[in-house]
Amino acid sequence: MLKNLLLATMVLFSAQALAQPLLEVNLDPAPYSRDEAREQALALVLDRLTGDRARDSWIREEALAEPERYLQDEPQGRGYNARFDGEELLALIRSAGLPFSLAPRPALLVWQLDDGRARSEADADWRQASSAYQLPLLWPLWDLEEHMAIDKSQLFDDAQLRQASQRYGADYWLALSRDGGDGRWQLYAAGQDGALLQGRLESGGMRALASALNRYWVEQGNDGGDDEPARPENPDPVEPLTVQQDGPGELTIVVSGLRQFAEIIRLEQRLRRLDGVEQAYVMDSAGHQVRYRLRVSGSRAAVLQALAAVPGLVVTGERRFDWSGDGG
226 MLKNLLLATM VLFSAQALAQ PLLEVNLDPA PYSRDEAREQ ALALVLDRLT GDRARDSWIR
286 EEALAEPERY LQDEPQGRGY NARFDGEELL ALIRSAGLPF SLAPRPALLV WQLDDGRARS
346 EADADWRQAS SAYQLPLLWP LWDLEEHMAI DKSQLFDDAQ LRQASQRYGA DYWLALSRDG
406 GDGRWQLYAA GQDGALLQGR LESGGMRALA SALNRYWVEQ GNDGGDDEPA RPENPDPVEP
466 LTVQQDGPGE LTIVVSGLRQ FAEIIRLEQR LRRLDGVEQA YVMDSAGHQV RYRLRVSGSR
526 AAVLQALAAV PGLVVTGERR FDWSGDGG
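Residue numbers for the sequence shown follow the working numbering, so the first one is 226 and each next one is one higher.
Hint data in this document are derived by calculation from the structure and do not stem from the laboratory. A few of these clues could be false.
Stated by the list, open to error - Across the chosen pairs, the derived CB separations fall in these ranges: (1) LEU289 - ASP348: 29 to 35 Å; (2) ASP407 - PRO460: 41 to 47 Å; (3) TYR441 - VAL468: 47 to 53 Å; (4) GLU313 - ARG352: 28 to 34 Å; (5) ASN251 - VAL468: 44 to 50 Å; (6) ASP298 - TYR257: 17 to 23 Å; (7) VAL468 - ARG352: 51 to 57 Å; (8) GLU313 - TYR441: 23 to 29 Å; (9) GLU313 - ARG409: 37 to 43 Å; (10) ARG520 - ASP339: 53 to 59 Å; (11) ASP368 - ASP339: 15 to 21 Å.
A virtual CB, placed ideally from N, CA and C, is assigned to each residue, including glycine.
Just need the whole structure built from these sequences, with the hints factored in.
Listed below in structure tokens is the structure:
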């Protein structure tokens, strides 16, 4: 009876973890600065959704430059809490062609030995790692029956762990052995022979392991799909955009030939990095034309001269440019 109660309790905790959405973040302890907290939370959500691939993509820089654009709300609670807008984030991720997955991560049964001793609950490192990647964990009872059935010297024996995992109804289980600072792990699945994934514990410890597992889930459950139809190019504008009157410290430009959303964002990033430009953002767009507004701290003439030297931009008139697509 007690064993059944414990098993039922583990299933309940697993269901609660699965219900936690991937778009919500809790940082506890939180950074002192709210801006820093927002950036950390947004970077973490991008890692979850893309399997860390956003780290090497231009979308990370774009998102962190204006995190409030993707922020839905900041609920009250311990530490810093944030909930992000899935539609905005997925539009950004899709524009870069990155794989992503919003599917809840499956529960994982963890068979862990630390210096030969069985672990039956998560330590602080595991709790932080599972929270970071919304990875629900199950822990075996390691009761007498399991101590008798499992040869600890052969923890990575597929057959013995497969049989022991059946009593928990687990779809996936992880074998993990740590000896001092070193360790190795293997991921298994019901209905599949051999290890799905394996590796050694890296310097990041459990967080690096959770990251590797999350990347695997993203690859397996990619919501982008290989057969997703290509996004149509921006058409010719029905009514061409005009260059507006500028106020003090402003410079408005119109760029034509921006056929893809990714090009619009990349150019916006480049404009922000120009000398004398404090801020750059999209005002509006029509077809393949986009109107950008730049806030300048000094000479407008110097900024216009710098614009003429931006790779991919071709001057076509006063504060008007064509995008050649050669800017990389």
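How the hints compare with the structure:
1. LEU289 - ASP348: 29 to 35 Å: holds, 31 Å
2. ASP407 - PRO460: 41 to 47 Å: Violated, since ASP407 and PRO460 (Cβ atoms, about 58 Å apart) do not stay within the stated range.
3. TYR441 - VAL468: 47 to 53 Å: holds, 50 Å
4. GLU313 - ARG352: 28 to 34 Å: 30 Å Cβ-Cβ, so the 28 to 34 Å window holds.
5. ASN251 - VAL468: 44 to 50 Å: With a Cβ separation near 46 Å, ASN251 and VAL468 satisfy 44 to 50 Å, so the hint holds.
6. ASP298 - TYR257: 17 to 23 Å: holds, 21 Å
7. VAL468 - ARG352: 51 to 57 Å: The hinted range 51 to 57 Å holds for VAL468 and ARG352, with Cβ atoms some 55 Å apart.
8. GLU313 - TYR441: 23 to 29 Å: With a Cβ separation near 26 Å, GLU313 and TYR441 satisfy 23 to 29 Å, so the hint holds.
9. GLU313 - ARG409: 37 to 43 Å: holds, 40 Å
10. ARG520 - ASP339: 53 to 59 Å: Check passed, 55 Å falls within 53 to 59 Å.
11. ASP368 - ASP339: 15 to 21 Å: For ASP339 against ASP368, whose Cβ atoms are near 18 Å apart, the range 15 to 21 Å holds.
Violated hints amount to a single one, hint 2; each of the other numbered hints is respected by the structure.
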